[in-house]
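S.K.: Residue numbers (numbering that gives the first Met the number 0), protein chains in the order written: chain A, 0 to 350; chain B, 0 to 339.
Think of the hints as simulated: they come from the structure by calculation, not from any bench. Note that CB positions come from ideal geometry on N, CA and C, so glycine has one too. Do not rely on the hints blindly, as some may be mistaken.
Over 10 angstroms on every C-beta distance to chain A, these chain B residues come out as not near it, computed from the model [what the hints assert, rightly or not]:
#1 57
#2 104
#3 153
#4 180
#5 281
Listed next, the stretches of chain A that the computed footprint assigns to chain B, with coverage defined by at least 3 CB atoms under 8 angstroms from CB atoms of chain B [as the list claims (entries may be wrong)]:
#6 155–162
#7 191–197
#8 214–220
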Amino acid sequence: MRVSNEAIIELEHVTKHFPVSQGVFSRGRSRVHAVEDVTLTVHKGETLGIVGESGCGKSTTARLMLRLLDPTAGTIRFEGRDISKLSNRQLRPLRREMQMIFQDPYASLNPRKTVEQIVGQPFAVHKVVGSREAKLRVKELLDVVGLSREHASRYPHEFSGGQRQRIGIARALALNPKLIVCDEPVSALDVSVQAQILNLLRSLQEEFNLTYVFISHDLSVMRQICTRIAVMYLGRVVELADSERIFEHPRHPYTAVLISAVPRLSADGRKRQRIVVGGDVPSPIDPPSGCVFHPRCPRSRAGHCDSVEPHLEPTPGESSHIAACHYPLEHWPTDVTELRTGAARAVSHTE
Amino acid sequence: MREALLDVRGLSVVFPTLDGDVRAVSDLSYTLHRGETLGIVGESGSGKSVSSLALMGLLNRDQARIDGEALLSGRDLLSLPPGEMRDIRGKDIAMIFQDPFACLHPMHRVGDQIAEAVTAHKKASNSEANKRAVELLQAVGIPNAKDRARDYPHQFSGGMRQRAMIAMALVHNPSVLIADEPTTALDVTVQAQILELIERVKREFDIGVILITHDLGVIAETAETVLVMYAGREMEFGPADELFRAPQNPYTWGLLGSMPTIEHRLEKLVAIEGSPPSLVHMPSGCAFHPRCPYSFAPCTTELPELRQMTGGHLDRCHLPEQSKRQIWAAIVAERLGVAG
Chain A
0 MRVSNEAIIE LEHVTKHFPV SQGVFSRGRS RVHAVEDVTL TVHKGETLGI VGESGCGKST
60 TARLMLRLLD PTAGTIRFEG RDISKLSNRQ LRPLRREMQM IFQDPYASLN PRKTVEQIVG
120 QPFAVHKVVG SREAKLRVKE LLDVVGLSRE HASRYPHEFS GGQRQRIGIA RALALNPKLI
180 VCDEPVSALD VSVQAQILNL LRSLQEEFNL TYVFISHDLS VMRQICTRIA VMYLGRVVEL
240 ADSERIFEHP RHPYTAVLIS AVPRLSADGR KRQRIVVGGD VPSPIDPPSG CVFHPRCPRS
300 RAGHCDSVEP HLEPTPGESS HIAACHYPLE HWPTDVTELR TGAARAVSHT E
Chain B
0 MREALLDVRG LSVVFPTLDG DVRAVSDLSY TLHRGETLGI VGESGSGKSV SSLALMGLLN
60 RDQARIDGEA LLSGRDLLSL PPGEMRDIRG KDIAMIFQDP FACLHPMHRV GDQIAEAVTA
120 HKKASNSEAN KRAVELLQAV GIPNAKDRAR DYPHQFSGGM RQRAMIAMAL VHNPSVLIAD
180 EPTTALDVTV QAQILELIER VKREFDIGVI LITHDLGVIA ETAETVLVMY AGREMEFGPA
240 DELFRAPQNP YTWGLLGSMP TIEHRLEKLV AIEGSPPSLV HMPSGCAFHP RCPYSFAPCT
300 TELPELRQMT GGHLDRCHLP EQSKRQIWAA IVAERLGVAG
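Sequences are here, hints too, so could you generate the full structure?
M.R.: This is the structure we're talking about:
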């Protein structure tokens, strides 16, 4: 994989709020703080993972990158060009460069079109090739994603979930995009099929020198495919580092909690120490003061974490690893015991 | 030996359709003991949910042919008339589902719904029933249970709804709790909470739990006994540590191999080729043979019997035990980076 330092997408202090109406008689409008002051760069050739629980803003961030949403504030750049205020029409030529693969292969394919029409649609929309060449290209694309050419005349319902996801991938590849946003591409699939799709995504990246933004809630999948990972919580990036560092030396307690919560097979059958934090993700309409994680954080300290918002700071000696925490972890996994007692305290506090 | 709570013998479920019979479950047998968590794992269409729905009497008998027996304290759940089954369901055997929001009535208060479950099987005054509801909400870790009982389901988060469902399932101290993908719709930190809760409930209420999931990680962390299902049949069955230490079935190997691990980055995930078979046109012989990299002559024609392995667990595969041990030890263990 060739990862360069060249940026393909840059988000600078990007914020996205959605208005919520609160009934007929309410005055004023409150807002969902979906994405809050996110600064993030996607480098060419990398797979940037965005991980977090539901409502953390990972999908919104990705949709902002593709300018499928208008940012409330901040700048979005594609290959150095500011695209945050472009109109749909101005964006159209850029759409070719960025594609998306969706979570649900049942909902994202038109049931009334044949595979050929679905995969060929991008050619028709962008009028890059004639219909005869489009047909040929569709067949090639089906080969590339591991479907057979005879499949072209069939309809989506004739395929299994994994095969449908392959159709979605073929469609995304049609226009030779530079960037593909994969939004939970394997979460709806069975494990055995999940592995096929992950392997396919990996090999396509090599073959076509693709850049992926990979959104998932599943850290095990992330570890297999991502080069860099951003951990999001309540609309903020709380930690960003190379994949290996996220898993081997997490700094933010939330990252540690996420990693430890993943059920895993232990080879020797011993019971693993799991950090169970209490409570749920707070509402993004009214996020907590200070550090947004402090009500659930095993390391939070009263009078500091609940009032001062931490900023993303580089790790000493590892400037590419940034985390937003006043009291980042220094050791891992040796801090597990400490975190467990802290979590128990936080639980008794919230209950 | 612990007390056997539920004894399933030769359970088969067939749905006749215009295209032919859908064989959802074929000849399934297992025993659940008190204090045990039995994990049933498999992909979609493996029959893991349907088999439990059959036990609960939740399949429409006009649309499904159910054979076999399932003994719960001496009574066969599968042959009981609907009226008697209604007395048992929710009282002696209870079930929770994947989507807790779909299981709660959106227009009734959570506490009232649990109280209704109390009065369904027992004569109790409203205040007694409500008291029991609050007690149970407290037991499953809902803070300020007394106030929250007056909330509507939409005021609960996903994790709290699942807690409420567990509370409802426990109303009559059932001896068996079936949890069908209880954490699949939940975030990973909340999943950890719910798994701990189910474990605690099992201990405190001294019951048997059947945990149905597609996630081997969840099984490895919670189950004492594991049942691996494929295309409606049990492929492998045995104690969890034995089954994970020395899995015997190529399908189990495939599942283990294709599971992405959080421990390290793998060069390549070992996917199982193809996809699960259609239950109408089931492959001949062993249903897994078209996807099995180790299949040989008898696999295509003969259904392998469940055989007892030296480790004590059951396995359905034609491969000689000796060569399976070698294969697992040599290839699979090395690829997965699992020691011994």
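S.K.: Determine for every hint whether it applies to the structure shown.
M.R.: The hints, checked one at a time:
1. 57: holds, 24 angstroms
2. 104: Given that every Cβ of chain A is farther than 10 angstroms from that of residue 104/B, nearest at about 22 angstroms, it holds.
3. 153: holds, 13 angstroms
4. 180: For residue 180/B, whose nearest Cβ neighbour in chain A is about 13 angstroms away, the distance exceeds 10 angstroms, so it holds.
5. 281: holds, 16 angstroms
6. 155–162: holds (count 4)
7. 191–197: holds (count 6)
8. 214–220: holds (count 5)
The structure meets every hint from the earlier list without exception.
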